[in-house]
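Trainee: So you can see what is in the structure, the chains are spelled out below.
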Amino acid sequence: MRRFWPRFASQRAGLAAAGYVIVLTLVMLALEVIPGSDPRAITSEVMLPPSAAHLLGTDELGRDVLLGILHGIRVSLTVGFAAALGATLIGVFIGAVAGFYGGILDLACMRLSELFQVVPSFILAAVIVALSGPGLPQVVAVISLLGWPQVARLMRAEVMRIKHLEFVDAVRCLGARETRILMGEIVPNALAPALAAGTLIVGHAILLEAGLSFFGLSSADIISWGRMLNSGQRFLFNAWWLSVFPGSAIFLTVLAFNLLGDALGSALNPRAAGIK
Amino acid sequence: MTAPLLDIRDVSKTFRRSRTELVHAIRSVNLAVAAGETIALVGESGSGKSTLGRIALGLLNPDRGSVLVEGRSFSALGGPELRRLRTTMQPIFQDASAALNPRRSTRQHLLQALAVRNAAIEPEAIALLESVGLRPGADYLERFPHELSGGQRQRLTIARALAPQPRLIVADEPLSGADVSIRGQILNLLLEIKRAHRIAYLFITHDISVARAFSDRVAVMMQGEIVEAGPTERVLEEPEHAYTRRLLAVSAGFRLGGSKELV
Amino acid sequence: MSSAILDMSDLTLSYTTLGRKLRALQGVSLSVGEGEAVGLVGESGSGKSTVARAALGLTPAGIAHIEAGCIRINGRDVTHLSEDAWATLRGHPIAIVFQDPLSFLNPVMRVSRQIAESVERHTPELAVAPRVRELLERVKLSASCAASYPHELSGGMRQRVLLAMAIACRPKLLIADEPTTALDVTTQAEILALLEELRVGLNMALLLISHDLGLVASACERIYVMYAGRTIEWGPTARVFGAPAHPYSEGLLHAAQTDRDRDGRFITIGGDPPDLTRIGAGCAFAPRCGYAMAACTEAMPEPIASAESSGHMVRCWRYAQRSLVMPAGGRVERP
Numbered sequence: 001m002r003r004f005w006p007r008f009a010s011q012r013a014g015l016a017a018a019g020y021v022i023v024l025t026l027v028m029l030a031l032e033v034i035p036g037s038d039p040r041a042i043t044s045e046v047m048l049p050p051s052a053a054h055l056l057g058t059d060e061l062g063r064d065v066l067l068g069i070l071h072g073i074r075v076s077l078t079v080g081f082a083a084a085l086g087a088t089l090i091g092v093f094i095g096a097v098a099g100f101y102g103g104i105l106d107l108a109c110m111r112l113s114e115l116f117q118v119v120p121s122f123i124l125a126a127v128i129v130a131l132s133g134p135g136l137p138q139v140v141a142v143i144s145l146l147g148w149p150q151v152a153r154l155m156r157a158e159v160m161r162i163k164h165l166e167f168v169d170a171v172r173c174l175g176a177r178e179t180r181i182l183m184g185e186i187v188p189n190a191l192a193p194a195l196a197a198g199t200l201i202v203g204h205a206i207l208l209e210a211g212l213s214f215f216g217l218s219s220a221d222i223i224s225w226g227r228m229l230n231s232g233q234r235f236l237f238n239a240w241w242l243s244v245f246p247g248s249a250i251f252l253t254v255l256a257f258n259l260l261g262d263a264l265g266s267a268l269n270p271r272a273a274g275i276k
Numbered sequence: 001m002t003a004p005l006l007d008i009r010d011v012s013k014t015f016r017r018s019r020t021e022l023v024h025a026i027r028s029v030n031l032a033v034a035a036g037e038t039i040a041l042v043g044e045s046g047s048g049k050s051t052l053g054r055i056a057l058g059l060l061n062p063d064r065g066s067v068l069v070e071g072r073s074f075s076a077l078g079g080p081e082l083r084r085l086r087t088t089m090q091p092i093f094q095d096a097s098a099a100l101n102p103r104r105s106t107r108q109h110l111l112q113a114l115a116v117r118n119a120a121i122e123p124e125a126i127a128l129l130e131s132v133g134l135r136p137g138a139d140y141l142e143r144f145p146h147e148l149s150g151g152q153r154q155r156l157t158i159a160r161a162l163a164p165q166p167r168l169i170v171a172d173e174p175l176s177g178a179d180v181s182i183r184g185q186i187l188n189l190l191l192e193i194k195r196a197h198r199i200a201y202l203f204i205t206h207d208i209s210v211a212r213a214f215s216d217r218v219a220v221m222m223q224g225e226i227v228e229a230g231p232t233e234r235v236l237e238e239p240e241h242a243y244t245r246r247l248l249a250v251s252a253g254f255r256l257g258g259s260k261e262l263v
Numbered sequence: 001m002s003s004a005i006l007d008m009s010d011l012t013l014s015y016t017t018l019g020r021k022l023r024a025l026q027g028v029s030l031s032v033g034e035g036e037a038v039g040l041v042g043e044s045g046s047g048k049s050t051v052a053r054a055a056l057g058l059t060p061a062g063i064a065h066i067e068a069g070c071i072r073i074n075g076r077d078v079t080h081l082s083e084d085a086w087a088t089l090r091g092h093p094i095a096i097v098f099q100d101p102l103s104f105l106n107p108v109m110r111v112s113r114q115i116a117e118s119v120e121r122h123t124p125e126l127a128v129a130p131r132v133r134e135l136l137e138r139v140k141l142s143a144s145c146a147a148s149y150p151h152e153l154s155g156g157m158r159q160r161v162l163l164a165m166a167i168a169c170r171p172k173l174l175i176a177d178e179p180t181t182a183l184d185v186t187t188q189a190e191i192l193a194l195l196e197e198l199r200v201g202l203n204m205a206l207l208l209i210s211h212d213l214g215l216v217a218s219a220c221e222r223i224y225v226m227y228a229g230r231t232i233e234w235g236p237t238a239r240v241f242g243a244p245a246h247p248y249s250e251g252l253l254h255a256a257q258t259d260r261d262r263d264g265r266f267i268t269i270g271g272d273p274p275d276l277t278r279i280g281a282g283c284a285f286a287p288r289c290g291y292a293m294a295a296c297t298e299a300m301p302e303p304i305a306s307a308e309s310s311g312h313m314v315r316c317w318r319y320a321q322r323s324l325v326m327p328a329g330g331r332v333e334r335p
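Protein chains in written order, with my numbering: chain A, 1 to 276; chain B, 1 to 263; chain C, 1 to 335.
Source of the hints: derived by calculation from the structure; they are not laboratory data. Just so it is clear, CB atoms sit at the ideal spot from N, CA and C, and this is done for glycine as well. Certain hints may be false.
[Claimed, not checked] Here are the simulated distance ranges between beta carbons:
(1) B:Ala35 <-> A:Met183: 33 to 41 Å
(2) C:Gly62 <-> A:Glu60: 51 to 59 Å
(3) B:His146 <-> C:Asp77: 53 to 61 Å
(4) C:Ser103 <-> B:Asp10: 38 to 46 Å
(5) A:Tyr101 <-> C:His80: 39 to 47 Å
(6) C:Asn106 <-> B:Ala35: 19 to 27 Å
(7) B:Glu238 <-> C:Ser103: 37 to 45 Å
(8) C:Ser103 <-> A:Leu31: 47 to 55 Å
(9) B:Gly36 <-> C:Met293: 56 to 64 Å
(10) C:Ser103 <-> A:Tyr101: 47 to 55 Å
(11) A:Tyr101 <-> B:Ala35: 46 to 54 Å
[To be verified] No more than 20 Å apart at the CA atoms, straight line, and that leaves these computed lysine to aspartate or glutamate pairs for EDC-like:
(12) C:Lys172 <-> C:Asp212
(13) C:Lys172 <-> C:Glu197
(14) B:Lys194 <-> C:Glu197
(15) C:Lys140 <-> C:Asp84
(16) B:Lys194 <-> C:Asp263
(17) C:Lys21 <-> B:Glu147
(18) B:Lys194 <-> C:Asp259
(19) B:Lys194 <-> B:Glu130
(20) A:Lys163 <-> B:Asp95
From just these sequences and the hints, can you work out the full model?
Mentor: Structure (structure tokens):
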């Protein structure tokens with residue numbers, strides 16, 4: 001672990017991304033505690049471009065865009081994290097079991113993962129939403145189901161590599177049970193690449209949620225950046241601020257998580273820094 | 001005659017490399033190790049010596065034949081009994097860094113090993129560390145494998161192997177990963193342990209000169225079979241098999257002071 | 001020596017990464033003349049691999065910095081050469097083979113094709129097919145082996161392929177960095193014999209780098225012993241190994257021969273290999289040296305000639321002062 005921080009800190013992009021994510025989280029938490037102004041408040045100040053009073057302008061119902069973006073953080077981060085967590089949990093479990101036990105179990109898991117990888121994500125999302133109605137839990141479920149194969153593959157590859165290392169045999173000679181070996185010795189050492197992949201899923205989740213909202217497939221009373229884009233696209237040429245700001249928010253956040261995932265991956269990779 | 005500590009009887013093992021290719025790693029091997037005896041298993045890569053080592057430790061099941069430890073066969077035992085029997089024999093591997101869990105400290109490694117005989121307490125761990133030359137033991141407890149030098153890591157694996165008080169140690173190329181200058185240190189340590197605890201050794205190596213220095217008996221392996229076996233002195237002074245002679249000739253050719261033409 | 005193909009004088013090179021500085025080489029002086037067989041012996045941290053890479057400008061850019069000294073190839077100063085200029089020097093006059101042939105061979109290309117590529121790149125004026133055949137003959141690789149893929153060949157055969165690719169460039173000097181370490185003992189002997197044949201047959205110098213003393217002793221006329229990034233003893237092989245002047249060389253010799261002392265314990269060098277991030281001003285071997293004196297920790301001694309001279313040099317305060325006589329071998333039992 002001690003080698004992790006210098007390596008991570010030496011990647012400026014990753015650090016900036018981490019800082020951005022922390023700021024977002026703090027804002028989100030702050031808004032939970034301090035209600036502030038209501039982003040849904042409809043006013044008569046309609047379609048105003050960015051000004052001193054409304055830093056990012058207002059939309060067709062007089063709602064402040066900046067407030068909308070700040071409150072939209074909640075949806076994006078929540079969906080992002082929940083989906084990534086779900087995908088990572090499923091992926092780590094299946095990958096570890098497939099990699100360790102091999103044989104038919106491995107075959108079955110891999111075929112299953114391929115099944116989920118082949119399905120086009122947006123179509124599946126749209127279908128599920130159409131069947132079960134819009135809502136954040138549905139979106140989270142869909143993304144978890146679509147994201148776990150990537151994580152599983154990485155986990156499986158690491159587990160397969162580690163299970164042949166001598167320290168595993170050494171613990172076996174100490175009389176440990178196979179499941180104990182998998183959970184106690186192998187999994188903790190195999191997690192790193194899978195976790196890095198999990199971080200990348202956050203970005204993917206945010207994009208998917210935004211896409212669903214954009215197509216009007218999400219719940220109307222949830223404030224999300226995608227939904228703002230959906231409303232704003234009609235006015236693309238008259239009121240550019242309604243599309244540009246939510247769009248930028250999505251772009252920056254997804255970029256930040258991707259950079260974070262990359263930096264995590266490099267920092268956790270012991271072969272990265274090599275001298276000799 | 002008392003039963004040997006480890007009795008490998010007519011063991012064969014085959015691996016499937018691909019759908020069409022079989023590798024006969026071991027063919028009908030017989031090997032017995034008596035209590036307190038040191039046997040060197042000498043061979044080059046592909047000879048099957050490492051596979052035999054793992055079969056001896058109970059980590060691999062032979063396709064044919066049986067492995068008896070103190071008279072009990074591995075294959076006859078169920079789960080918990082099998083696991084308990086495995087603790088009578090401990091491994092020392094070639095690559096000390098792969099032989100240690102990178103996320104566990106020295107203390108955790110040793111306590112895990114000491115738990116086998118319900119002695120998972122710190123004073124025991126410290127005593128073990130000092131017995132393998134890591135002094136003062138307390139200083140090493142909190143260190144992780146990457147904070148130890150190669151020689152120190154190897155010593156730690158030796159300490160771990162000693163913790164459950166095994167009767168046999170299977171050492172698979174324990175010197176090959178270490179620098180030449182520290183090999184003597186590790187050899188001396190292994191010798192000391194042998195004298196102090198009367199532990200039997202199955203010493204697997206490709207270096208016949210180490211076998212000469214360390215063991216009571218030598219078995220030479222080639223392509224899965226033991227081609228020659230016997231007391232060390234006899235095998236190395238009067239080898240009978242052509243392969244043994246070839247191995248000896250090649251290592252002698254590298255002996256310093258034996259560099260003729262270029263002197 | 002102006003006739004030297006490779007001449008390093010007083011070379012100091014360090015690696016800087018993540019804020020830490022590692023002194024890989026300090027004041028290393030080494031030369032290889034035409035047709036010579038020179039050996040470089042050392043363990044981990046000795047810097048021997050760095051020497052091999054520095055000789056061809058293969059040290060990692062941005063991390064490796066040459067702080068002092070110079071490297072000359074055929075008299076030309078190449079210490080701070082650009083990457084483009086290095087490209088003209090690699091292969092000819094200096095070629096290199098490394099320890100693990102598999103990492104240097106294209107896994108999806110037949111071996112003969114890879115040798116042919118080497119021929120095309122370095123000697124475009126020659127007809128490819130006959131030259132490839134000639135090279136295969138020199139390294140004793142059969143035609144059926146040549147038509148195989150790298151993973152189908154044994155370690156020894158792969159090393160022969162690398163050698164064929166290296167000599168395709170008609171090098172004046174071949175640097176072999178641990179060429180046989182990954183190979184079986186019997187194969188090692190074959191490859192060594194091949195190297196000697198090539199050296200003599202092609203009038204090519206050989207710089208053989210290894211931690212295996214026996215290997216180097218049987219193949220090289222002159223030898224350098226390195227420790228912690230410095231050359232601490234060098235000279236004719238027979239002198240350096242016959243009567244080692246430096247305590248490290250002496251200890252290494254005993255360790256390599258698994259010699260025992262009168263109590264039956266193996267003669268060994270105590271302590272651990274050096275930490276290159278923490279090398280002080282004095283001799284890096286001092287902490288492990290049985291004969292260390294006060295002077296040893298203060299400064300690194302200059303090279304002095306040994307008693308019988310003949311080019312045998314050593315950097316050791318004790319030897320300089322001759323204050324202790326080395327045990328003449330009576331203490332040592334050969335097994």
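Trainee: Confirm or reject each hint.
Mentor: Tested hints:
1. B:Ala35 <-> A:Met183: 33 to 41 Å: Since the Cβ atoms of B:Ala35 and A:Met183 sit about 36 Å apart, the hinted range of 33 to 41 Å holds.
2. C:Gly62 <-> A:Glu60: 51 to 59 Å: Once the Cβ atoms are compared, 54 Å apart, the range 51 to 59 Å for A:Glu60 and C:Gly62 holds.
3. B:His146 <-> C:Asp77: 53 to 61 Å: At 40 Å between Cβs, range violated.
4. C:Ser103 <-> B:Asp10: 38 to 46 Å: Taking Cβ atoms as reference, C:Ser103 and B:Asp10 lie about 40 Å apart, which means the hint holds.
5. A:Tyr101 <-> C:His80: 39 to 47 Å: Given a distance of about 56 Å, which is not inside 39 to 47 Å, the answer is violated.
6. C:Asn106 <-> B:Ala35: 19 to 27 Å: violated, 53 Å
7. B:Glu238 <-> C:Ser103: 37 to 45 Å: Hint holds: Cβ distance 42 Å, inside 37 to 45 Å.
8. C:Ser103 <-> A:Leu31: 47 to 55 Å: Holds, at about 54 Å.
9. B:Gly36 <-> C:Met293: 56 to 64 Å: violated, 44 Å
10. C:Ser103 <-> A:Tyr101: 47 to 55 Å: Once the Cβ atoms are compared, 31 Å apart, the range 47 to 55 Å for A:Tyr101 and C:Ser103 is violated.
11. A:Tyr101 <-> B:Ala35: 46 to 54 Å: Distance hint for A:Tyr101, B:Ala35 is violated at roughly 37 Å.
12. C:Lys172 <-> C:Asp212: violated, 24 Å
13. C:Lys172 <-> C:Glu197: holds, 14 Å
14. B:Lys194 <-> C:Glu197: violated, 45 Å
15. C:Lys140 <-> C:Asp84: Measuring from Cα to Cα gives roughly 34 Å; hence the hint is violated.
16. B:Lys194 <-> C:Asp263: holds, 15 Å
17. C:Lys21 <-> B:Glu147: Cα-Cα ~18 Å, so holds.
18. B:Lys194 <-> C:Asp259: holds, 19 Å
19. B:Lys194 <-> B:Glu130: Given pair B:Lys194, B:Glu130 holds - Cα atoms ~16 Å apart, limit 20 Å.
20. A:Lys163 <-> B:Asp95: holds, 15 Å
This entry does not satisfy hints 3, 5, 6, 9, 10, 11, 12, 14, 15, going by the numbered hints stated previously.
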